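Chemist: Residue numbers (my numbering), protein chains in the order written: chain Y, 1 to 395; chain P, 396 to 704.
Since the hints were derived computationally from the structure, they do not count as laboratory data. It is possible that part of the hints are untrue.
As the list claims (entries may be wrong) - A few chain Y residues that face chain P, going by a derived Cβ cut-off under 7 angstroms, partial list only:
no.	residue
1	Val32
2	Ile227
3	Gly230
4	Glu233
5	Ala237
Stated by the list, open to error - Simulated DEER-style distance windows between Cβ atoms:
no.	chain 1	residue 1	chain 2	residue 2	range
6	Y	Val243	P	Gly562	58 to 64 angstroms
7	P	Thr580	Y	Val243	37 to 43 angstroms
8	P	Met592	Y	Arg17	26 to 32 angstroms
9	P	Thr454	Y	Phe35	34 to 40 angstroms
Remember, predicted model here, so these are calculated numbers, not experimental data. C-beta: ideal position from N, C-alpha, C; glycine also.
Chain by chain, the residues run as shown.
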Amino acid sequence: MSAQQSLSNGVARPPRRGALAQSWQRFLAMFVKEFIQLRRDRPTFAMIVGIPLIQLMLFGYAINTDPKHLPTAVLTSDDSPIARAVIGALRATDYFNIKYIARGEADADKLILSNKVQFVIQIPPDFSRQLVRGEKPGLLLIADASDPVATSGAVAAALGAADQALDRELIGPLASLKQNAPPFEIRVHRRYNPAGETRRNIVPGLIGTILTMTMLMYTAMSVTREIERGTMEALLAMPILPVEIMLGKIAPYVVVGAVQMATILIVASLLFQVPVVGSLFTLTLLTLLFIVANLSVGYTFSTVADNQLQAMQMTFFFFLPSMLLSGFLFPFYGMPKWAQYVGEAMPLTHYLRIVRSVMLKGSTFGDLAVDAGALAAFTLVAMSLAVMRFRQTLD
Amino acid sequence: MSVESDIAIDVRGLTKSFGDKKVVDNFTLQVARGNIQGFLGPNGSGKTTTIRMLCGLLTPDSGEGKCLGYDIRRQQKEIKRYVGYMTQGFSLYRDLTIRENLEFVARVYGLEAPEDAARAALERLGLVARADQLAGELSGGWKQRLSLGACILPGPSLLLLDEPTAGVDPKARRDFWDEIHHLATQGLTVLVSTHYMDEAERCHQIAYIANGRLLASGTIAEILAGAQLSTWVVTGEGLDPLGGELKHQPGVDMVARFGSALHVGGRDEAAMERIARRYSAEGRHRWKRDEPSLEDVFIDLMTRAGADQ
Numbered sequence: 001m002s003a004q005q006s007l008s009n010g011v012a013r014p015p016r017r018g019a020l021a022q023s024w025q026r027f028l029a030m031f032v033k034e035f036i037q038l039r040r041d042r043p044t045f046a047m048i049v050g051i052p053l054i055q056l057m058l059f060g061y062a063i064n065t066d067p068k069h070l071p072t073a074v075l076t077s078d079d080s081p082i083a084r085a086v087i088g089a090l091r092a093t094d095y096f097n098i099k100y101i102a103r104g105e106a107d108a109d110k111l112i113l114s115n116k117v118q119f120v121i122q123i124p125p126d127f128s129r130q131l132v133r134g135e136k137p138g139l140l141l142i143a144d145a146s147d148p149v150a151t152s153g154a155v156a157a158a159l160g161a162a163d164q165a166l167d168r169e170l171i172g173p174l175a176s177l178k179q180n181a182p183p184f185e186i187r188v189h190r191r192y193n194p195a196g197e198t199r200r201n202i203v204p205g206l207i208g209t210i211l212t213m214t215m216l217m218y219t220a221m222s223v224t225r226e227i228e229r230g231t232m233e234a235l236l237a238m239p240i241l242p243v244e245i246m247l248g249k250i251a252p253y254v255v256v257g258a259v260q261m262a263t264i265l266i267v268a269s270l271l272f273q274v275p276v277v278g279s280l281f282t283l284t285l286l287t288l289l290f291i292v293a294n295l296s297v298g299y300t301f302s303t304v305a306d307n308q309l310q311a312m313q314m315t316f317f318f319f320l321p322s323m324l325l326s327g328f329l330f331p332f333y334g335m336p337k338w339a340q341y342v343g344e345a346m347p348l349t350h351y352l353r354i355v356r357s358v359m360l361k362g363s364t365f366g367d368l369a370v371d372a373g374a375l376a377a378f379t380l381v382a383m384s385l386a387v388m389r390f391r392q393t394l395d
Numbered sequence: 396m397s398v399e400s401d402i403a404i405d406v407r408g409l410t411k412s413f414g415d416k417k418v419v420d421n422f423t424l425q426v427a428r429g430n431i432q433g434f435l436g437p438n439g440s441g442k443t444t445t446i447r448m449l450c451g452l453l454t455p456d457s458g459e460g461k462c463l464g465y466d467i468r469r470q471q472k473e474i475k476r477y478v479g480y481m482t483q484g485f486s487l488y489r490d491l492t493i494r495e496n497l498e499f500v501a502r503v504y505g506l507e508a509p510e511d512a513a514r515a516a517l518e519r520l521g522l523v524a525r526a527d528q529l530a531g532e533l534s535g536g537w538k539q540r541l542s543l544g545a546c547i548l549p550g551p552s553l554l555l556l557d558e559p560t561a562g563v564d565p566k567a568r569r570d571f572w573d574e575i576h577h578l579a580t581q582g583l584t585v586l587v588s589t590h591y592m593d594e595a596e597r598c599h600q601i602a603y604i605a606n607g608r609l610l611a612s613g614t615i616a617e618i619l620a621g622a623q624l625s626t627w628v629v630t631g632e633g634l635d636p637l638g639g640e641l642k643h644q645p646g647v648d649m650v651a652r653f654g655s656a657l658h659v660g661g662r663d664e665a666a667m668e669r670i671a672r673r674y675s676a677e678g679r680h681r682w683k684r685d686e687p688s689l690e691d692v693f694i695d696l697m698t699r700a701g702a703d704q
């Protein structure tokens, strides 16, 4: 029509290669095409290198299966040099970070139920008097064994420390007490999981991990799917607000999540005999909150990603640290401080505390207000981001 | 709500660039209420971008205007409520049934009785028997019919249809246009982009855009008169080589093959006369003076704009 070259010049049939060479060439054609497409998708290209590198660094440095400096409370009315020396010896093991002085047993229980401490060292009132009299008094080490992996190292260290704990105190007239060492006994009370079964810790954690993965995936592709199927343009031309779209897309999966939660809970108690010590209502309520938090994170990814592949990669980029830094597989307090901060930014971290505490320890809503608040804040931030990110026009 | 004036579309100087490419350049158009406005132009000329600016999906870089009396920059919410936009590709949910799609639309537009509205639309469309079939399973013609049905379900005042009949068979196209005329007689304004000349001829007014610029606008008679193209119809043997030769003749602005005839046109009437006389004298072809068709005019406009790169 205009200055265009006519296509008819190319009609003559060009020569072809042999059969085998053609097959090889078809393979090459596909190979090259896939590579070009991969390279055009910039974010994906960046994530090819980014995901393995960042995650390797993150987990390589963060994971430590023998956690030290575990938060500990001391409950005692014995302020003698001997009691102080015992506490000092325990602290010297590096396993116990004494953060609280409990004002009684109720206070100590509250600290454990709200996950503020993992240990309570209880020294009876007449500890030093009994010790001096050679009566081998007992010191009570209460361990929150709902996570047996996290506490076992510390318990072993405490038992080992008892032998030399008072070497420097027992001098002069007291030196004879060293003969039948140790001069006192450490009685370990593994609360919530006396047999130290890791299953009791893992199964509730699995509820959180499974829900994270499924919930993220459901919503992570919900917006990109509309774009890729060509329905987005029509949707944008209709009088519907981004927040209406978001809530409408999230709500069905809350129901799906609730079904999943119920399934896991029933199977957990039937097959693995993991009890629900606390209130089922609290557990359900907070689990729903956690489900909504994950759905809104997934939806936020969906508003950022250009296509479903990117959305998928973001999901995994989020899921892996959730699993590894939340305390699901490795003790939370075993990680360096910075990794704990990263962990605090993951909904799963807070939910693990909630689900384990309610199921194994019987913590109440009041004990878990901080974690519940974190989940709510998380949801709010993710939803606001998603609504802001949502492109209302095609500009 | 604004008082609906007699002008449904009134935009001036709309300009939109993507990167450094000006896709729409200083576009001005007025469409009276109840009119069917044809919107023509080659691929990539900026038709879709213009339509998207009209319905609030794109913000113009400059220029201003109103749709149904609502500002296209500031009152997108109102525009979305009263404008029905039918996208180029099928944009209903393929994995929902026809009824479910219609009910979805009815709810999004906040209709009081969405089920009733969907049922009424099904009856209008003649799709009652297939209401529970998945929309993705429909043939091209039915898909387009359903899309139009979904567009008019909420009772819009203005319809923007982006190449609604692309890839649709002639019978379905004719039915579609009958429907559009029927809607227009009920007071709906329709802007429809198309590549088909027979469709252009069924419009009350036409706008022709190439390279983002409005090249011609008005009724068909106005456009034909405005083109001032002297057109000759050439018949005989060996038209293709002749066409190639004529393209390079000074004075020839347009050469196009229509079946067994060649349409040759130029704005310089005297020059065209000379060329026609010279070639008829060779005796191999018959040259006959004719009125230019709409297509001749558009091919000339397109050639001049160098649009079809």
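Chemist: Hints first: check each against the structure and report whether it holds.
Modeler: Hints, one by one, checked against the model:
1. Val32: violated, 27 angstroms
2. Ile227: violated, 11 angstroms
3. Gly230: Given a least distance of 5 angstroms, the restraint on Y:Gly230 holds.
4. Glu233: Constraint on Y:Glu233 satisfied, holds at 5 angstroms.
5. Ala237: The hint holds - Y:Ala237 has a Cβ within 7 angstroms of chain P, the shortest such distance being about 4 angstroms.
6. Y:Val243 - P:Gly562: 58 to 64 angstroms: violated, 37 angstroms
7. P:Thr580 - Y:Val243: 37 to 43 angstroms: For Y:Val243 against P:Thr580, whose Cβ atoms are near 40 angstroms apart, the range 37 to 43 angstroms holds.
8. P:Met592 - Y:Arg17: 26 to 32 angstroms: With Cβ atoms ~45 angstroms apart, the hint is violated.
9. P:Thr454 - Y:Phe35: 34 to 40 angstroms: holds, 37 angstroms
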